[in-house]
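A.B. asks: Going line by line, the protein sequences match chains A and B. Numbering follows the numbering used here, with no gaps: position 100 of the first sequence is 153. Numbering follows the numbering used here, with no gaps: position 179 of the second sequence is 232.
Some clues are possibly wrong.
Since the list gives no way to pick out one identical chain from another, each pair is judged satisfied if it fits inside one copy or across any two copies.
Stated by the list, open to error - Derived SDA-like pairs: lysine to any residue, alpha-carbon spacing no greater than 20 angstroms straight-line:
hint: 1; residue 1: Lys-71; residue 2: Ser-327
hint: 2; residue 1: Lys-136; residue 2: Glu-340
hint: 3; residue 1: Lys-304; residue 2: Glu-275
hint: 4; residue 1: Lys-71; residue 2: Asp-323
hint: 5; residue 1: Lys-71; residue 2: Ala-291
hint: 6; residue 1: Lys-71; residue 2: Glu-293
hint: 7; residue 1: Lys-262; residue 2: Lys-304
hint: 8; residue 1: Lys-71; residue 2: Asp-325
Because the hints were derived from the structure by calculation, they are not lab data.
2 protein chains.
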Amino acid sequence: MNNSYNHSLSASTQLTQKSVNRCFDGEQRYYSHQSAATKTPMTFSIYLPDEALAGQRCPAILYLSGLTCNADNVTHKAHFQQKCSELGMIFIAPDTSPRSSEGNDVANDERYFVGQGASYYVDATQAPWAEHFNMQSYIVDELYDLLRSEFPIDSIGITGHSMGGHGALLLGFKFPSKFVSVSALSPVCAASESAWGQAAYTEYFGDDKSLWAQADASQMIEQVGQQYSSILVDQGAADEFLADGQLQTSKLQQACTKAKQPLTLRYQADHDHSYYFIQTVINEHIEHHWRMAQLS
Amino acid sequence: MNNSYNHSLSASTQLTQKSVNRCFDGEQRYYSHQSAATKTPMTFSIYLPDEALAGQRCPAILYLSGLTCNADNVTHKAHFQQKCSELGMIFIAPDTSPRSSEGNDVANDERYFVGQGASYYVDATQAPWAEHFNMQSYIVDELYDLLRSEFPIDSIGITGHSMGGHGALLLGFKFPSKFVSVSALSPVCAASESAWGQAAYTEYFGDDKSLWAQADASQMIEQVGQQYSSILVDQGAADEFLADGQLQTSKLQQACTKAKQPLTLRYQADHDHSYYFIQTVINEHIEHHWRMAQLS
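Isolated chain A, as found in the complex:
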């Protein structure tokens, strides 16, 4: 036991522990904290393998969830705990946006792809969104620093599903010094060219297309060029959102080719957009981040 790491976190003044459940050889925990970036309480889940609980520094994966989700969906349905227990990896799942709560009146929209549950992990510039919707700053600055100060984290890889896959690709390439690895599941690859993203960015950024470009994963990859020795993307071949143009996976492939960014892109036969697909491939994503962490 490394006494420099207080795994009960009893000394923390920033985090409130909401739950702890033993799961495989580790603990699934939930925490909440007051965010300066979003000016709201924020909740995240974190799986800590026994190595981390004993104070040993471990590689971590930051998982960004998709539209309508909060930390629960992936924590309950993605089945990452067994592999993270086996490898000794930390797995963190933040919420997808700020939310209204007692004393917090956060802007919202009746469309499920705009507003609460649909931040796109960007810092909005337009009213009423700019007040609370600063999820880029929340993820890559505030939460990132908080995690590193409160938990024995060695390195951080970033991944996510759908809108969260967009977030992982966007933030991974916009802030490559922060992350050692990037992967994505069924990502929205070109948010500014999907109907979902266009609706959201019209609200968050208005008509300034230079801001849209800075919030489009494929454009970001083209702009910054190769950053990782390889990235991994899995996509269900029978995904209805691929068919209707929300995901634009071919745009990601073109961007990686232009950027000379090695991309392993796998279209999985018959699979859809659900957590049944996520659980099918997530172990290989955890292993990807594990290998990249060993090389970093």
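Following the hints, put chain B in place on chain A, whose structure we already have.
C.D. replies: What follows is chain B alone, placed relative to chain A:
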């Protein structure tokens, strides 16, 4: 492909397919049907590995869920699909009771451990419960026969969690000709001696303690003696319901000793009553049923 098995089930007049999702090398499906036993619509989930989809007869596991659950909890949170895909096993999760729906006024109780979501898998004899609460007949006769007629099932093992662990032990020993294997997770081992079970059985059976005895897993095991070469039970050592006397695990151990029924009973350090515990041990239960099916 064995053409005698129509895996699309399009010819079935009894089952309505509610959903299909590809998951690992197989499909997670939901079906509903009108039950003669409960006189209500009933829903179950079934995982069919590709072997079954191709018409090959596979061993199956019938999983009975705990208080307040329906088929969703285990299907979303227990993480059985990967192991069932690897081994080629079918996994079936029925609901925990009949429920009110349009045109069906089913009795209920405000206590979570009595009424809808809390059948205890028995046939109630008292009004108002006897009208619909016939879950023993539903599971071991109606659903059992329906599953065998509609899916390529080789043999059936029975397992479950908490109240469903009680159901698996009770029905496994009351109807041993129907099942090739029995296991349980965190089971209610002596329902007639737990506060939950006493409340339910007072409603379902009234004061006739001979009916209570026929609905108590440990008493049933003592009564019928050894039926299986071994049974497997996992229990979280930090389970709050173990501490407060709802589970009575020691009664099961005593009953198996008297009955000369080999029992592997594992108290897992630090684990609680949640699905985080279930996912931690379920693979070993699937493997237990797989081995027993090979020997049957």
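A.B. asks: Taking the hints in turn, state whether each one holds.
C.D. replies: Here is what the structure says about each hint:
1. Lys-71 to Ser-327: Intra 27 angstroms, inter 15 angstroms, cutoff 20 angstroms: inter-copy only.
2. Lys-136 to Glu-340: both (8 angstroms within a copy, 18 angstroms between copies)
3. Lys-304 to Glu-275: So Lys-304 and Glu-275 pass the 20 angstroms test inside one copy only (10 angstroms; across, 66 angstroms).
4. Lys-71 to Asp-323: Result: close only across copies, 18 angstroms inter versus 38 angstroms intra.
5. Lys-71 to Ala-291: Intra 38 angstroms, inter 18 angstroms, cutoff 20 angstroms: inter-copy only.
6. Lys-71 to Glu-293: Classified as between; 17 angstroms across copies, 36 angstroms inside a copy.
7. Lys-262 to Lys-304: within (18 angstroms within a copy, 70 angstroms between copies)
8. Lys-71 to Asp-325: between (33 angstroms within a copy, 16 angstroms between copies)
Checked against the numbered hints given earlier, this structure breaks none of them.
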